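Chains A and B are the protein sequences, given in the same order.
Our numbering numbers the first residue of the first sequence as 1 and each following residue consecutively.
Our numbering numbers the first residue of the second sequence as 1 and each following residue consecutively.
The reader is advised that the hints may include incorrect statements.
Computed footprint of chain B on chain A; a stretch qualifies when at least three of its residues, placed anywhere within it, have a C-beta under 8 angstroms from a C-beta of chain B [what the hints assert, rightly or not]:
hint : stretch
1    : 154-165
2    : 175-186
Partner residues are not named here, just some residues of chain B that face chain A (Cβ under 8 angstroms, in silico) [unchecked claim]:
hint : residue
3    : P72
4    : M81
5    : T84
Residues from chain A that keep clear of chain B, each with C-beta distances beyond 10 angstroms, as calculated [what the hints assert, rightly or not]:
hint : residue
6    : R7
7    : H106
8    : S138
9    : A227
Calculated from the structure, these hints are not laboratory results.
Note that the structure is predicted; figures quoted are calculated from it, not measured.
Positions of the beta carbon are idealized from the N, C-alpha and C atoms, including for glycine.
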Amino acid sequence: MPMAARRLTRIMDIIMLDDFLIRAVLAGIGLALATGPLGSFVVWRRMAYFGDATSHAAILGVALALALQLPIGVGTLLVALAMAGTVSTLAARGWLMDTTLGVLAHSALAFGLVAISYVPGVRADLSSYLFGDILAVSKADLGFIWAGSLLVVALLVWRWQALLTATLNEDLAHASGLNPDRERLVLTLALALVVAVALKIVGALLIAAMLIIPAAAARGLARTPEAMALYAAGFGALACLVGLRLSLWQDTPAGPSIVSAAAVIFALAAVFGRMRRM
Amino acid sequence: MSLLAAHKITVRFGGEAVLSDVSLAIEPGEIVTILGPNGSGKSTLLRALLGILPLAAGSVSRAVGLRLGYVPQKLSIDRSMPMTVRRFLSLPVRVGDTEATTALARVGLPGLEARQMAGLSGGQFQRVLLARALLSAPQLLILDEPTQGLDQPGEAGFYRLIEEVRRETGAAILMVSHDLHVVMAASDRVICLNGHICCQGSPLVVSNAPEYRALFGLGSQGALALYQHQHDHSHEPDMVDAHGRAPSDPHHGHNHA
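The shape of chain A in the complex, shown without the other chains:
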């Protein structure tokens, strides 16, 4: 019965994650789990540029990893951590963040692109680092993405009450015996992890978009912080699925396709939210 055999093979493909589409879908959902809640904090704390600086630094991380023959994920994680740490420190010292982040975000990208041009044989792959390559996610990539995402979710759930309190008002957090600096560190760490996770999926240029757009779409529909984080995760996953479909169908780059889908979801949510208020 060749029909049944084919079906069995197909099922085995799915279970064994041998199908590149299944891997792509799972990668997108894995990413959205982390970007939903973390992106909500990025929006609440007005850290959009902070996300930009950290994710643009990922390209520098790619160059470093290739030069030192480290895994790409490790290189991006290290450089994203260094960038996020630098930005946090400067912010705590009272630097003008708008300008400082603008300088850092674009410098990191420029230096990364220059550095990567010294690594032989990468020019062809460059666009996959800039725009993501979700259809080429391997089983190992998938493991890395889910491990990273679950770690971020675990961090945020663990510190949730403290993070919310510190986001509202640092003095209030202090008076309640919390340490706002530690909560900021938690977010910094989570952001670096998400950057490393998201590089393969949406690419360095659009990681920040993946954090901000689904959360912004969720804002108008949610009444509590928790609801907003959940909606944002849902919208992120939906954007990944739709973008993936688009990318496959029209052979468009993965990252921009996913972010385009997120932007359309944002527009629909905004219209729906406004209609509901009328």
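Model the placement of chain B on the given structure of chain A, informed by the hints.
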């Protein structure tokens, strides 16, 4: 045993002493108001007492296991964050629905649970902040200019509420203020601050102290008027300005050098 005490604390910002050699102690159940002009270090003192700012010298001691409620000066909930009143009351410690309902009723806002924080009026917002602070059953309530931005009746109502809370729970109150009128009447003790403690004592003693007059100049008349007014009409201590005395009043004859 004092609930909270500062021992000769000095706080510096970039080498410059904003507070120097400040000592004070808060005893159970008393209402203490720290009064001072802008830039006198009032908020700095509160933040030092809360352990937020590092001390250049001196120390702050707390009673063991002190339960402390804090109402910050201004808390702007970014419109990007959806937050119902009910959810806010559960920060940072989750509380049950019954407790939340009771706390809201206590501050005169029954049934407001489902409202968005961003949609509250200034007075409602301050009362919700107070309700949240009360949920930890504090022995000491610290309020940083809690009536900023409220109109006169709102301010009077808020201070009345603070007095009720003190009466019912026995919590000590430490408050920072720059408005001289209503606060003076409600306080057991007023500490006049300008980088250091200029003078302190009962509202009457402070309002007659030359240091206080030097600090507040003409503004001091409002406070003195209030105090005397309180003698006349102690049943409604909030209506102040209407009875303020003219500068030529004999009571003020010794005011200004």
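Cross-check of the supplied hints:
no. : hint    : verdict
1   : 154-165 : holds (count 4)
2   : 175-186 : holds (count 3)
3   : P72     : holds, 5 angstroms
4   : M81     : holds, 5 angstroms
5   : T84     : holds, 6 angstroms
6   : R7      : holds, 46 angstroms
7   : H106    : holds, 25 angstroms
8   : S138    : holds, 37 angstroms
9   : A227    : violated, 7 angstroms
The structure shown violates just one earlier hint, number 9.
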